[in-house]
Structures are given as C-alpha cells and as structure tokens.
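S.K.: Chain by chain, the residues:
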Amino acid sequence: MTNSRIIYLDNNATTKVDKKVVEAMLPYFSENYGNPSSMYELGGKNSKVIQESRETIKEFFGAKNAKEILFTASGSESANTAIRGILSADRSKNHLITTKVEHPCVLNLHKQLEKEGYKITYIGVNSIGEINEDELYDAVNEKTALVSCMYANNETGTIFPVEEIAEKVKSKNRNTKIFVDAVQTAGKIKLDVQNTEIDFMGISGHKFHAPKGIGALYIKSPNLITPLVIGGHQESGKRAGTENVPYIVGMAKAAQMAQDSLEYELTTVKRLRDKLETAILSKIYNARLNSSSQNRVPNTTNIGFEYVEGELILLNMNDYGICASSGSACTSGSLDPSHVLKAMGIPFTALHGSIRFSLSRYNTEEEIDFTIEKMPKIMEKLTKISPFQKELAELKRRKGLI
Amino acid sequence: MWNYTDKVVDHYKNPRNVGSIEDADAIGEAGSLSCGDMLKLYLKVDKNGIITDAKFQTFGCGSAVASSSILTEMVIGKHIDEARKITNKQIVDELGGLPPEKMHCSVMGHEALEAAIANYYNEEITIHNDEELVCNCFDISKSFLINEIKANSLKTLEDVINYTKAGGACGRCQGKIKDILDEINGVQQQKEEQLTKTQMIIKINNIIEKYISPELRKDGGDIELIDVEDYQIKVKLSGRCQSCNRSKLTLTHFVEATLKEHINDNIEIIQV
Ligand SMILES: Cc1ncc(COP(=O)(O)O)c(C=O)c1O
Chain A
1 MTNSRIIYLD NNATTKVDKK VVEAMLPYFS ENYGNPSSMY ELGGKNSKVI
51 QESRETIKEF FGAKNAKEIL FTASGSESAN TAIRGILSAD RSKNHLITTK
101 VEHPCVLNLH KQLEKEGYKI TYIGVNSIGE INEDELYDAV NEKTALVSCM
151 YANNETGTIF PVEEIAEKVK SKNRNTKIFV DAVQTAGKIK LDVQNTEIDF
201 MGISGHKFHA PKGIGALYIK SPNLITPLVI GGHQESGKRA GTENVPYIVG
251 MAKAAQMAQD SLEYELTTVK RLRDKLETAI LSKIYNARLN SSSQNRVPNT
301 TNIGFEYVEG ELILLNMNDY GICASSGSAC TSGSLDPSHV LKAMGIPFTA
351 LHGSIRFSLS RYNTEEEIDF TIEKMPKIME KLTKISPFQK ELAELKRRKG
401 LI
Chain B
1001 MWNYTDKVVD HYKNPRNVGS IEDADAIGEA GSLSCGDMLK LYLKVDKNGI
1051 ITDAKFQTFG CGSAVASSSI LTEMVIGKHI DEARKITNKQ IVDELGGLPP
1101 EKMHCSVMGH EALEAAIANY YNEEITIHND EELVCNCFDI SKSFLINEIK
1151 ANSLKTLEDV INYTKAGGAC GRCQGKIKDI LDEINGVQQQ KEEQLTKTQM
1201 IIKINNIIEK YISPELRKDG GDIELIDVED YQIKVKLSGR CQSCNRSKLT
1251 LTHFVEATLK EHINDNIEII QV
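Heads up: the sequence lines are chains A and B, in that order. Per the numbering used here, the very first residue in the first sequence carries number 1; after that it's consecutive. Per the numbering used here, the very first residue in the second sequence carries number 1001; after that it's consecutive.
Incorrect hints may appear among the rest.
As the list claims (entries may be wrong) - Here are the simulated DSSO-like pairs of lysine-lysine, each with C-alpha atoms no more than 27 angstroms apart in a straight line:
| hint | chain 1 | residue 1 | chain 2 | residue 2 |
| --- | --- | --- | --- | --- |
| 1 | B | Lys1055 | B | Lys1234 |
| 2 | B | Lys1178 | B | Lys1203 |
| 3 | A | Lys381 | B | Lys1044 |
| 4 | B | Lys1236 | B | Lys1218 |
| 5 | A | Lys111 | B | Lys1260 |
| 6 | B | Lys1089 | B | Lys1155 |
| 7 | A | Lys381 | A | Lys16 |
| 8 | A | Lys377 | B | Lys1089 |
| 9 | B | Lys1155 | A | Lys381 |
| 10 | B | Lys1007 | A | Lys111 |
| 11 | A | Lys374 | A | Lys390 |
| 12 | A | Lys115 | A | Lys275 |
| 13 | B | Lys1007 | A | Lys384 |
| 14 | B | Lys1013 | A | Lys115 |
| 15 | A | Lys384 | B | Lys1044 |
| 16 | B | Lys1055 | A | Lys390 |
| 17 | A | Lys390 | B | Lys1044 |
| 18 | A | Lys19 | A | Lys48 |
| 19 | A | Lys190 | A | Lys283 |
| 20 | A | Lys384 | B | Lys1176 |
| 21 | A | Lys168 | A | Lys19 |
| 22 | B | Lys1089 | B | Lys1234 |
| 23 | A | Lys283 | A | Lys342 |
| 24 | A | Lys119 | A | Lys190 |
| 25 | A | Lys212 | A | Lys172 |
| 26 | A | Lys283 | B | Lys1089 |
| 27 | A | Lys377 | B | Lys1176 |
| 28 | B | Lys1013 | A | Lys390 |
| 29 | B | Lys1055 | A | Lys377 |
| 30 | A | Lys111 | A | Lys93 |
| 31 | B | Lys1089 | A | Lys374 |
| 32 | A | Lys374 | B | Lys1013 |
| 33 | A | Lys115 | B | Lys1176 |
| 34 | B | Lys1236 | B | Lys1089 |
| 35 | A | Lys48 | A | Lys67 |
Derived from the structure by calculation, the hints contain no laboratory data.
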C-alpha cells in the first residue's frame, strides 16, 4: 500500500469498535469475570449487568419488555434461532416465504429447509431493489409458517416496508409469523418493534460499532420458539451457554451511542453519502446508481461502473487507502456475481463493476472529498484498459449531451 | 483479500502494453462481458513471423489484467510459432503463481493468444454450434473442458472450476463435469499399470518432492524412497519424523493418501 491512511467506507461489512465501547467492556475480562449464575457477588453482580444491558437493547429495538430480548453470538445466529425455532415449535405448517435478496444467513437457511422438505416461495424485487409486495401477499396461504423479510438490504441499502408487510401478511393469515433481519437497519434508523406485527427481529453488534460475535434477537412471545442451542438455563432456556458478559456490555454501550446518534445519521451521514454519490455520478461518465434514491438507509450507496471490473476498482482504491466492497464475481470467492444485483436485473455492463460505499458517523467530510477527488482518476486509468472502448465512448457522448 | 505475488501486483498496478493496434496483423479475443472477464489481444507480426508488438485490453480482475499484461511481454520478440507453444502454466509461472481460484485468468490469456495466432494464419476457429455445452453459465463446451483437464492435469471438480470457471456459478453441471473427469482420469489410471519400475520410481519421487517432503520438512523431518515393488512402496523417514509418536500416523495417513491421490488406490506404504 502506498498510503498508510485508511478511509473506511465499508461499514455495511463491519465497523470499527468505538473506544468507549472497549472501555466499557474491559472490566468484565479480568476483574468482574464471575459467572452470572454463581451464588457469590462476583458472579451475581454480572447477572444484574446483563439485565441492565437487556434493558438498553430493549430500548434500542423499541420493544415493550426486556424479556423479549435474547442475546446471541451474531446476526446469523439470530436468524437461525428465529427461523429454526419457530419451525420446530409448530410443525403443522410446511410453507415459508422469503425474498431473493436476503443475506446468506437467511437465504441459504431456506435452501437447506427446502432440502428438508419445506416449500419455499422466493419473492423478487424490481430494478431499483423494491420488493414485489403483491407477489408476496399472493403467496401467503394457510400453510405459511413464516415470512422472512430483511429491513434494509446490505448491498443496496434499500429499506423494505416491513411493518406494512407484517400487517398485510397477518390479515391474510393470523398465524403466520414474521421474521425481520434488521442487521443493516440497527443504528441507522430508529427501530420501533412494539407497535408492529413483527414477531422476530435480529440485529448484530459489529454493524454498529460493537465487536464482532455478539447479536440479539427480539421475540414477541419468547415461548414461541424451541431453542437452537440446548443445555443450561441461560437466556430463559432459549439459548444455552454461559453469557458473554463483556460483549453483551459492549453491545449495550454501542447501542446507546448509536441511539444517541440517529439524528446525526439522518442528517450528516446522509449528507456526506449524498455528496459522494452525486459527485461520482456527475464526474464519472460510466457510473450509474444501482438502487432507488429514495427509501434507503442513510449511509449506503451502490454504484455500477460500466465496462470495468469491480475487483480491479477495489484494488486501485486500496492504493489510496479507500476501502469499499463489490458485488463482482471475482471478489466473492464464488464465480457468481451478487445475487442481490442479479435479482434486480442490473445489466451485465454494470453488474461486475458494482461498488458499494457504506459510511459511518466516523467518516469526515475531508475523507469524502478525498474519495471524490480520487475516484475519477482511478476510473480514467481503468477505462483505458477496457476492451469496450466504443461502448464507453458512446456512454461519454450520451452523458455529455444530458 | 487475494494473496497476489508482487509480480501480479506490479502488473495490475502498472499494466504494460495497454491499448489496441490499429493495423494489427492478428487479433484474438476470449471471454465475454456477461461472464465477468474478457480479453482482446492485438499482435503486430513482421515479414519473418516475429511478433514485434503486442497490446491488450482487458475487462477483468487484478489477476486477469496481470495475466494479459505479462502475456504481451512474453510474446514480443518471439516468432509466432514459438509463441504458439506458450501454455497457461507458463503464464502462471511467469507471474510467480496465481491463487487457485484465479487460474482461469491464465487460461483466458492462453485462449486469446490461440485465437490471435489462428487469426494470423487465417485458420477457421471451429465454432461447433452443435457442440455439447457443459456449463451454460459460462458457455463452456465439452471439448474445451477436456483440453484444459488434460493440459493442466486437473483432478478434481474444484480444479476444473478454478481453471475454467465451468460449474462455478449455478452448479447444475457439476455432475457432468465429474463424469468427464472420471472418463479422462480413468483412462490415465489404466496407463499407469503399464509403467516400468523405473518410470514408477521417477513418478513417486516427483510426487514426494512436490507434495510430501515440503510438508514433512515443516516439522523438521524428511522422507526417502527405498524401493518399489508393484504398489508396495518402501520408505525411510529421517529427522524428527523418525522419533515422533505420530510418525506411523504421518506415514499411513498423509504419505499414503497423497500417493493414492496421484497414482491410485492400491498404494501401500512400508516403513523400513
Ligand atoms: C443483512 C444482514 N444480515 C445478517 C448478517 C450477518 O450478521 P453476522 O455477521 O453477525 O452473522 C449481515 C452481515 O453481513 C447482514 O448484512
């Protein structure tokens, strides 16, 4: 790397842990290390600490009662706990509905359940990433056990109308449960789960400046589910394993800070994201927006650079210390480009050159200006390598005319 | 992030010979936009058949650009018939290696070179419209797969995906690819039975050198081939392997498994 400075614009992948979060966690490693189930004060104190953290996370979800909050080890575990948990508690239904653009922790679980004999309906999205709502409601029948729909998509930032979806699904079948993967929403927009028909909602600490490996699941009626991990009585018998006290404390601290910054997300972070997006779209002729400009979390933009490949773009950005991610096949380890962008029908010309920029409240105006300065330079260099010179010239001409 | 060699990094950061040649004597193309990578290679050839200039344009990842860039350097100055002998392996070696998942980038370079040379000689590139496509995602035919499997001694489905991309997207053709692998590698196994003892020893030594010794050396030991009788292979362990408790385990599991993988399942290891 020619530059030791890092401009981190990949906050939908993971975030940096706030120093205050680390400080809050530290006493629970070597000082207050007791097992919360123990009968002496060293341990018992920690059970109170967990209870306080649960209250904080309850507030973060906008839930009614701390009993509705289950601590897990990740967003993936939250999803698996909810989905597997409801299916093994109620075996009378064999149909599930989800979307084609879910995170793998939901999508691949459904593919697994399909192998296990469940019928699955996968709902598509339109070209700007919005869910085909009517298609979803039509799919609900008396055998539908669960509808799983993410709150905001990790690649495009598009927000799905999950509250409305929950209501309409329930009006077709009262007994169908709703799981919402809110991993990309928590800390970006306010959650208010108690005033909705949503039964389960999952979040993950490392997307809002807590460490990796800690998450939470909101469950409207905790006795709804059968536990995934069986063992001791922790988490009201819904998830065995001695509680991860420092990480629970850390996530609660991060949630509090995120809650206090929601206004900042909607104003400053959004302004910086919009500034970056507008500048790239206007300065770079082969750039196109890969999502709706409305209805998005405030930190995310997904831009397709036509006729240039995504990994090559990221490698060149890395030379300036700019971190982002791509939906290109080359970066995924698989040879398939992003399932989300494919479901949206993003044209091949832009699919492989899609770059997701995701900001956080730690990004500065100066960092965004630096990125705005460098991206056109990178693209000027990379378009020269492309074999599609005629097509690029045509794009340039058209953009020039508009 | 990929573990690219310094040479790969240098070539994608500062690609050589980027662009097109207006009055090129040969143009070759491989890949496509929809597949995620594509390469166009332009050659200038003098009256003696020497390639005097080469340029490329690539749509693809870092290793695709690096493979194209180094390929142009490799062909410039060579006679066109010499250039024809360049294999994708040589492209990889010249780059100091590529991650396994990126081998297909070198294959694409090789394909474009073949196409350019065929174009130079005005040879018809046989497009078999009626030919059986194995992988529909990447438009890959059976004959292309068979060529690449043989040329690169591909053994597993994973190898085939890494080198050709076939089977790497929807995965529906993976059964067919396995059948093709069985067909080809089955044929090779029959050949093995006709190896003379000397050929067998050379082959085993090669495998030991390449796959077994480096692993044992990591633990401070080594292995020596003593004798071969049919499929009974006598070996001697030296260094730390000799005394360590796990030596028996190391032998049967690792050495035998490795040799079985590369020769056949009848291999038996005897420690002397
Ligand atoms: C939408 C969404 N759901 C779930 C997850 C998984 O979270 P975790 O990494 O904590 O398992 C992610 C993280 O990438 C995500 O973006």
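S.K.: Run every hint past the structure and note whether it holds.
M.R.: Results for each hint:
1. B:Lys1055 x B:Lys1234: Violated: B:Lys1055 and B:Lys1234 sit about 53 angstroms apart, past 27 angstroms.
2. B:Lys1178 x B:Lys1203: holds, 25 angstroms
3. A:Lys381 x B:Lys1044: Satisfied, since the Cα-Cα distance of roughly 24 angstroms is no more than 27 angstroms.
4. B:Lys1236 x B:Lys1218: Since the Cα atoms of B:Lys1236 and B:Lys1218 sit roughly 17 angstroms apart, the hinted pair holds (cutoff 27 angstroms).
5. A:Lys111 x B:Lys1260: This hinted pair is violated, its Cα atoms lying about 35 angstroms apart.
6. B:Lys1089 x B:Lys1155: holds, 16 angstroms
7. A:Lys381 x A:Lys16: violated, 31 angstroms
8. A:Lys377 x B:Lys1089: violated, 34 angstroms
9. B:Lys1155 x A:Lys381: Violated: B:Lys1155 and A:Lys381 sit about 39 angstroms apart, past 27 angstroms.
10. B:Lys1007 x A:Lys111: violated, 41 angstroms
11. A:Lys374 x A:Lys390: At roughly 24 angstroms apart (the allowed maximum being 27 angstroms), A:Lys390 and A:Lys374 satisfy the hint.
12. A:Lys115 x A:Lys275: With Cα atoms ~46 angstroms apart, A:Lys115 and A:Lys275 exceed 27 angstroms; violated.
13. B:Lys1007 x A:Lys384: Holds, at about 21 angstroms.
14. B:Lys1013 x A:Lys115: Measuring from Cα to Cα gives roughly 45 angstroms; hence the hint is violated.
15. A:Lys384 x B:Lys1044: holds, 20 angstroms
16. B:Lys1055 x A:Lys390: Judged against 27 angstroms, a Cα distance of about 17 angstroms means the pair holds.
17. A:Lys390 x B:Lys1044: holds, 22 angstroms
18. A:Lys19 x A:Lys48: Since the Cα atoms of A:Lys19 and A:Lys48 sit roughly 23 angstroms apart, the hinted pair holds (cutoff 27 angstroms).
19. A:Lys190 x A:Lys283: Answer violated: A:Lys190 to A:Lys283 is near 33 angstroms, above 27 angstroms.
20. A:Lys384 x B:Lys1176: Violated: A:Lys384 and B:Lys1176 sit about 39 angstroms apart, past 27 angstroms.
21. A:Lys168 x A:Lys19: violated, 43 angstroms
22. B:Lys1089 x B:Lys1234: Judged against 27 angstroms, a Cα distance of about 33 angstroms means the pair is violated.
23. A:Lys283 x A:Lys342: holds, 26 angstroms
24. A:Lys119 x A:Lys190: Outside the cut-off at roughly 34 angstroms; violated.
25. A:Lys212 x A:Lys172: Since the Cα atoms of A:Lys212 and A:Lys172 sit roughly 38 angstroms apart, the hinted pair is violated (cutoff 27 angstroms).
26. A:Lys283 x B:Lys1089: violated, 41 angstroms
27. A:Lys377 x B:Lys1176: violated, 45 angstroms
28. B:Lys1013 x A:Lys390: holds, 24 angstroms
29. B:Lys1055 x A:Lys377: Measuring from Cα to Cα gives roughly 22 angstroms; hence the hint holds.
30. A:Lys111 x A:Lys93: The given pair, whose Cα atoms are some 17 angstroms apart, holds under the 27 angstroms limit.
31. B:Lys1089 x A:Lys374: violated, 36 angstroms
32. A:Lys374 x B:Lys1013: The given pair, whose Cα atoms are some 15 angstroms apart, holds under the 27 angstroms limit.
33. A:Lys115 x B:Lys1176: Holds, at roughly 21 angstroms.
34. B:Lys1236 x B:Lys1089: violated, 33 angstroms
35. A:Lys48 x A:Lys67: holds, 14 angstroms
Consistency note: the structure conflicts with the earlier hints numbered 1, 5, 7, 8, 9, 10, 12, 14, 19, 20, 21, 22, 24, 25, 26, 27, 31 and 34.
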